[in-house]
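Protein chains in written order, with the working numbering: chain A, 9 to 420; chain B, 59 to 160.
Certain hints may be false.
Said to hold, decoys possible - Among the chain B residues that face chain A by a calculated CB cut under 10 angstroms, a handful are: (1) R118; (2) V131; (3) I139.
Simulated from the structure, these hints should not be mistaken for lab results. Ideal placement from N, C-alpha and C gives every residue a C-beta, glycine not left out.
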Amino acid sequence: MTPELFLLAIVCLTALAFDFTNGFHDTANAMATSIATRALTPKAAVALCAVLNLVGAFLSVEVAITVTNAVIRIQNSDGSPKPELMTDGGFPLLLILMAGLAGAIIWNILTWLWGLPSSSSHALFGGLVGATVASMGWDGVKWVGEGNHLDGVIGKVVLPALASPVIACIVAAIGTRLVYALTSKIAENYRDNFFRRAQIGTASLLSLSHGTNDAQKTMGVITLALIASGTWTDLAEIPFWVKIACAVAIASGTFIGGWRIIRTMGQGLVTVSPPQGFSAEASSASVILISSQLGFALSTTHVATGSIIGTGLGKKGGKVRWATAGRMGMAWLITLPLSALVGAICWFIGHLIGGWGGAFAVFGLIVVAATYMYIHSRRTAVGHHNVNEEWEADEPDEFQRHNEDDDEEDED
Amino acid sequence: MDQLLAALDDSWRVLVLGIAIGAGLPTLFALGVKSLAWGLGGDVERHAAGEFPKPHLPGRIIAYTLFAIVILVAALGITYIVAHGQGWVITFDGIVPVFTPK
Numbered sequence: 009m010t011p012e013l014f015l016l017a018i019v020c021l022t023a024l025a026f027d028f029t030n031g032f033h034d035t036a037n038a039m040a041t042s043i044a045t046r047a048l049t050p051k052a053a054v055a056l057c058a059v060l061n062l063v064g065a066f067l068s069v070e071v072a073i074t075v076t077n078a079v080i081r082i083q084n085s086d087g088s089p090k091p092e093l094m095t096d097g098g099f100p101l102l103l104i105l106m107a108g109l110a111g112a113i114i115w116n117i118l119t120w121l122w123g124l125p126s127s128s129s130h131a132l133f134g135g136l137v138g139a140t141v142a143s144m145g146w147d148g149v150k151w152v153g154e155g156n157h158l159d160g161v162i163g164k165v166v167l168p169a170l171a172s173p174v175i176a177c178i179v180a181a182i183g184t185r186l187v188y189a190l191t192s193k194i195a196e197n198y199r200d201n202f203f204r205r206a207q208i209g210t211a212s213l214l215s216l217s218h219g220t221n222d223a224q225k226t227m228g229v230i231t232l233a234l235i236a237s238g239t240w241t242d243l244a245e246i247p248f249w250v251k252i253a254c255a256v257a258i259a260s261g262t263f264i265g266g267w268r269i270i271r272t273m274g275q276g277l278v279t280v281s282p283p284q285g286f287s288a289e290a291s292s293a294s295v296i297l298i299s300s301q302l303g304f305a306l307s308t309t310h311v312a313t314g315s316i317i318g319t320g321l322g323k324k325g326g327k328v329r330w331a332t333a334g335r336m337g338m339a340w341l342i343t344l345p346l347s348a349l350v351g352a353i354c355w356f357i358g359h360l361i362g363g364w365g366g367a368f369a370v371f372g373l374i375v376v377a378a379t380y381m382y383i384h385s386r387r388t389a390v391g392h393h394n395v396n397e398e399w400e401a402d403e404p405d406e407f408q409r410h411n412e413d414d415d416e417e418d419e420d
Numbered sequence: 059m060d061q062l063l064a065a066l067d068d069s070w071r072v073l074v075l076g077i078a079i080g081a082g083l084p085t086l087f088a089l090g091v092k093s094l095a096w097g098l099g100g101d102v103e104r105h106a107a108g109e110f111p112k113p114h115l116p117g118r119i120i121a122y123t124l125f126a127i128v129i130l131v132a133a134l135g136i137t138y139i140v141a142h143g144q145g146w147v148i149t150f151d152g153i154v155p156v157f158t159p160k
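With these hints in hand, go ahead and build the complete structure from the sequences.
Following this line, the structure appears as structure tokens:
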């Protein structure tokens with residue numbers, strides 16, 4: 009294996025690892041409330057979600073080759089890499105991708121350890137922004153879009169992140185209030201059975217939609233890496249093996265189930281009843297599809313969380329655990345800067361060592377960080393067996409403890 | 059500033075449509091459950107002790123119509139996701155979706 013090929017292989021492998029974390033990080037968005045209301049057993053829920061993600065990934069033929077153009081300037085508008093990054097067998101571009109993915113993966117695993125839902129696309133964008141700043145300076149990043157075309161870090165990341173939870177929260181609160189007003193006189197068991205069944209439908213819709221959107225991003229990144237290294241030249245087509253690999257990676261991530269996050273979203277925010285679960289999911293599904301139709305793509309994670317909070321507010325006497333919500337809000341605020349920081353540090357490490365050795369060092373760093381966090385997670389393991397246990401008042405402190413322990417991890 | 063205004067403009071439209079569909083759909087479904095309860099009678103709906111609510115055919119008809127509408131909207135959602143993934147452009151003529159291949 010030549011050094012160039014080794015470098016490319018490592019970038020592709022890292023991209024697939026990111027896709028895998030993307031899968032388990034987002035299972036909760038579609039399935040948390042269905043698991044909480046026992047519309048589906050935990051295992052059936054993740055299996056259904058994984059299959060629909062797989063189907064979704066194959067359904068989408070849209071070429072997402074320009075995925076990085078939203079926040080950074082490493083590609084031309086047609087998707088071809090900037091020529092100045094193509095020297096030395098495409099190494100400068102490959103290193104940016106590698107470091108960006110490293111930032112995203114480490115942030116995704118860390119937030120999983122904390123049991124916090126955070127947007128995988130924001131983590132990816134954050135990592136890429138950090139790596140790009142380190143490599144090309146501040147001008148390499150598209151901070152603000154031009155005119156009223158929403159673009160750049162502000163238009164594609166910050167503003168949607170602020171808008172989505174608010175919109176979803178209002179929609180879900182209204183839906184929940186109306187549902188309860190209409191069904192107040194109906195026997196609870198009878199009513200709940202209907203809403204449980206309906207929930208399976210909306211959860212499936214969300215899973216399918218996730219598969220069509222998120223797997224594409226990794227396909228775009230891998231194809232860009234292939235183009236940079238000169239092994240692929242077609243800007244309008246994605247190699248079929250990339251499609252299969254990404255679809256399988258995201259689906260298997262989903263199937264593993266990010267139980268810690270599912271637990272937080274299903275139990276930690278609101279004690280969800282079946283009518284609330286259905287209202288929340290109907291709100292999430294419609295807000296996501298409508299926003300994508302209007303070209304104002306909102307993050308699934310932020311929408312799903314906003315909907316769950318909204319459904320807690322919409323039910324009379326319903327309670328929202330604001331401490332949990334507050335921690336999530338904090339995680340969202342720091343997703344971009346922190347994954348950017350990790351991305352930048354990884355870029356410097358890769359750059360100083362140079363060549364395939366640099367990329368290998370960054371890869372090693374991801375493996376070490378992931379292993380450390382995984383071992384750490386075993387102390388308070390969450391799985392399908394205890395995902396629905398009642399949320400305890402002292403649980404936040406438990407997370408807080410993790411929080412302090414793991415800050416050191418970031419400095420690596 | 060332009061970006062903020064553009065985002066607010068989009069948010070506003072997402073919110074209105076979101077309420078119409080995202081809150082409307084559960085409401086229709088709840089109406090369906092309520093109609094069915096009335097349609098079936100008996101102990102499904104809470105009632106005073108000693109009386110036995112009669113079943114009502116119109117209740118059942120309304121209920122199944124409402125459920126059909128909810129399923130239709132969900133089916134449209136699936137169609138939307140599939141068409142979007144296939145790279146079709148979806149526009150709306152009033153409320154009727156029009157699918158055009160790119």
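Consistency of the hints with the structure:
1. Taking 10 angstroms as the C-beta cut-off, the interface hint given for R118 of chain B is violated, the closest approach to chain A being about 14 angstroms.
2. Evaluation of the V131 of chain B hint against chain A yields a held restraint, the C-beta minimum of about 9 angstroms falling below 10 angstroms.
3. Hint on I139 of chain B holds. Least Cβ distance to chain A is approximately 5 angstroms, under the 10 angstroms limit.
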